[in-house]
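Q: Spelled out, the chains give:
2 protein chains.
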Amino acid sequence: MEQDIQFRMATEQDLDQIVKMLADDVLGRKREKYEHPLPDSYLKAFQAIESDPNNELVVACQGEEIIGVQQITFTPYITHQGGWRATIEGVRTTSSSRSKGVGTKLIKWGIQRAKERGCHLIQLTTDKERPDALRFYEKLGFKATHEGLKLKL
Amino acid sequence: MEQDIQFRMATEQDLDQIVKMLADDVLGRKREKYEHPLPDSYLKAFQAIESDPNNELVVACQGEEIIGVQQITFTPYITHQGGWRATIEGVRTTSSSRSKGVGTKLIKWGIQRAKERGCHLIQLTTDKERPDALRFYEKLGFKATHEGLKLKL
Numbered sequence: 001m002e003q004d005i006q007f008r009m010a011t012e013q014d015l016d017q018i019v020k021m022l023a024d025d026v027l028g029r030k031r032e033k034y035e036h037p038l039p040d041s042y043l044k045a046f047q048a049i050e051s052d053p054n055n056e057l058v059v060a061c062q063g064e065e066i067i068g069v070q071q072i073t074f075t076p077y078i079t080h081q082g083g084w085r086a087t088i089e090g091v092r093t094t095s096s097s098r099s100k101g102v103g104t105k106l107i108k109w110g111i112q113r114a115k116e117r118g119c120h121l122i123q124l125t126t127d128k129e130r131p132d133a134l135r136f137y138e139k140l141g142f143k144a145t146h147e148g149l150k151l152k153l
Numbered sequence: 001m002e003q004d005i006q007f008r009m010a011t012e013q014d015l016d017q018i019v020k021m022l023a024d025d026v027l028g029r030k031r032e033k034y035e036h037p038l039p040d041s042y043l044k045a046f047q048a049i050e051s052d053p054n055n056e057l058v059v060a061c062q063g064e065e066i067i068g069v070q071q072i073t074f075t076p077y078i079t080h081q082g083g084w085r086a087t088i089e090g091v092r093t094t095s096s097s098r099s100k101g102v103g104t105k106l107i108k109w110g111i112q113r114a115k116e117r118g119c120h121l122i123q124l125t126t127d128k129e130r131p132d133a134l135r136f137y138e139k140l141g142f143k144a145t146h147e148g149l150k151l152k153l
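Protein chains in written order, with the working numbering: chain P, 1 to 153; chain X, 1 to 153.
Think of the hints as simulated: they come from the structure by calculation, not from any bench.
Note that the structure is predicted; figures quoted are calculated from it, not measured.
Be aware that one or more of the hints could be misleading.
The list cannot tell twin chains apart, which means a pair is met if one copy fits it or any two copies do.
[As the list claims (entries may be wrong)] Here are the simulated DSS-like pairs of lysine-lysine, each with C-alpha atoms no more than 25 Å apart in a straight line: (1) Lys44 with Lys139; (2) Lys115 with Lys30; (3) Lys20 with Lys139; (4) Lys115 with Lys33; (5) Lys108 with Lys152; (6) Lys100 with Lys44; (7) Lys108 with Lys30; (8) Lys150 with Lys44; (9) Lys105 with Lys152; (10) Lys105 with Lys20; (11) Lys44 with Lys128; (12) Lys128 with Lys100; (13) Lys150 with Lys128; (14) Lys128 with Lys152; (15) Lys33 with Lys105; (16) Lys108 with Lys20; (17) Lys30 with Lys143; (18) Lys115 with Lys152; (19) Lys150 with Lys115; (20) Lys33 with Lys152; (21) Lys30 with Lys139; (22) Lys115 with Lys20; (23) Lys108 with Lys33; (24) Lys143 with Lys44; (25) Lys105 with Lys44; (26) Lys33 with Lys100; (27) Lys139 with Lys152; (28) Lys115 with Lys44; (29) Lys30 with Lys105.
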């Protein structure tokens, strides 16, 4: 029998598996650097996330193995009468766990977490080069009402 | 001669003018509540932003008058080798100052600030119901490479 999927906050010990997962992706392999030791910039980012009460790095695990990751940022805004929003970013699942519903469970966990934190909205952007991802999020109830614009600095 | 435009962090005393500006907008009037006293939720959000080193509420002023606003959120991510991003949200200018280039100066100020904070990317989403806004951001160099998805909670 397969083990249940557990969700929890990532620890520094998970970072290697997280970066491996991010690098094992059609877009990720162009921009990540999975090597040993890991570039120090990953550890610094992890520590910045961990020490920020408005950022949570969440992993999906099956036993010792990490099979999914997402980052949730909680932001207070003046707009919408001072409403808080949750932003999901950096969602990945291991290639071996795809089509097993891990991604769906991960996002549903994020939606629940955003409600617990009192957010009125949960948002994300998805690369137009990932049409499957768009359909995936639309099935979960997200509406593509906005254009997502980026400017490299 | 017209006074120069100054940019600075918003103070609690600016909140009334900021909310007035947010409410004076085709989408904003449906969702904001500009009344006296202001709903307490605005003040709470302002205080949460002000006390968060990764959130900045920036105003454009001409003398005593506030003519523009934007919020910038700085977020550390594991993706892109642990890179920081800046997210711009809640951009508005007063209806009387539009077409005077205030919006352009405001966003350029935000881009400069994101560079100072060491961000590799600056991003935002814009409602598909605002085609003019899309063109405005594209002229500033932003690329609409992503879909912006939202889910109301």
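Q: Now tell me if each hint is right for this structure.
A: Going down the list of hints, with the structure as the test:
no. : hint               : verdict
1   : Lys44 with Lys139  : neither (35 Å within a copy, 34 Å between copies)
2   : Lys115 with Lys30  : between (34 Å within a copy, 23 Å between copies)
3   : Lys20 with Lys139  : neither (27 Å within a copy, 37 Å between copies)
4   : Lys115 with Lys33  : between (34 Å within a copy, 23 Å between copies)
5   : Lys108 with Lys152 : between (30 Å within a copy, 13 Å between copies)
6   : Lys100 with Lys44  : neither (32 Å within a copy, 42 Å between copies)
7   : Lys108 with Lys30  : neither (28 Å within a copy, 29 Å between copies)
8   : Lys150 with Lys44  : within (23 Å within a copy, 30 Å between copies)
9   : Lys105 with Lys152 : between (32 Å within a copy, 18 Å between copies)
10  : Lys105 with Lys20  : within (21 Å within a copy, 41 Å between copies)
11  : Lys44 with Lys128  : neither (29 Å within a copy, 36 Å between copies)
12  : Lys128 with Lys100 : within (23 Å within a copy, 33 Å between copies)
13  : Lys150 with Lys128 : both (12 Å within a copy, 16 Å between copies)
14  : Lys128 with Lys152 : both (17 Å within a copy, 22 Å between copies)
15  : Lys33 with Lys105  : neither (27 Å within a copy, 36 Å between copies)
16  : Lys108 with Lys20  : within (23 Å within a copy, 36 Å between copies)
17  : Lys30 with Lys143  : between (28 Å within a copy, 19 Å between copies)
18  : Lys115 with Lys152 : between (32 Å within a copy, 10 Å between copies)
19  : Lys150 with Lys115 : between (27 Å within a copy, 14 Å between copies)
20  : Lys33 with Lys152  : within (19 Å within a copy, 35 Å between copies)
21  : Lys30 with Lys139  : neither (28 Å within a copy, 27 Å between copies)
22  : Lys115 with Lys20  : neither (30 Å within a copy, 28 Å between copies)
23  : Lys108 with Lys33  : neither (29 Å within a copy, 31 Å between copies)
24  : Lys143 with Lys44  : neither (34 Å within a copy, 28 Å between copies)
25  : Lys105 with Lys44  : neither (28 Å within a copy, 32 Å between copies)
26  : Lys33 with Lys100  : neither (27 Å within a copy, 45 Å between copies)
27  : Lys139 with Lys152 : between (30 Å within a copy, 14 Å between copies)
28  : Lys115 with Lys44  : between (29 Å within a copy, 18 Å between copies)
29  : Lys30 with Lys105  : neither (27 Å within a copy, 33 Å between copies)
In this structure, the earlier hints numbered 1, 3, 6, 7, 11, 15, 21, 22, 23, 24, 25, 26 and 29 are contradicted, and the remaining ones agree with it.
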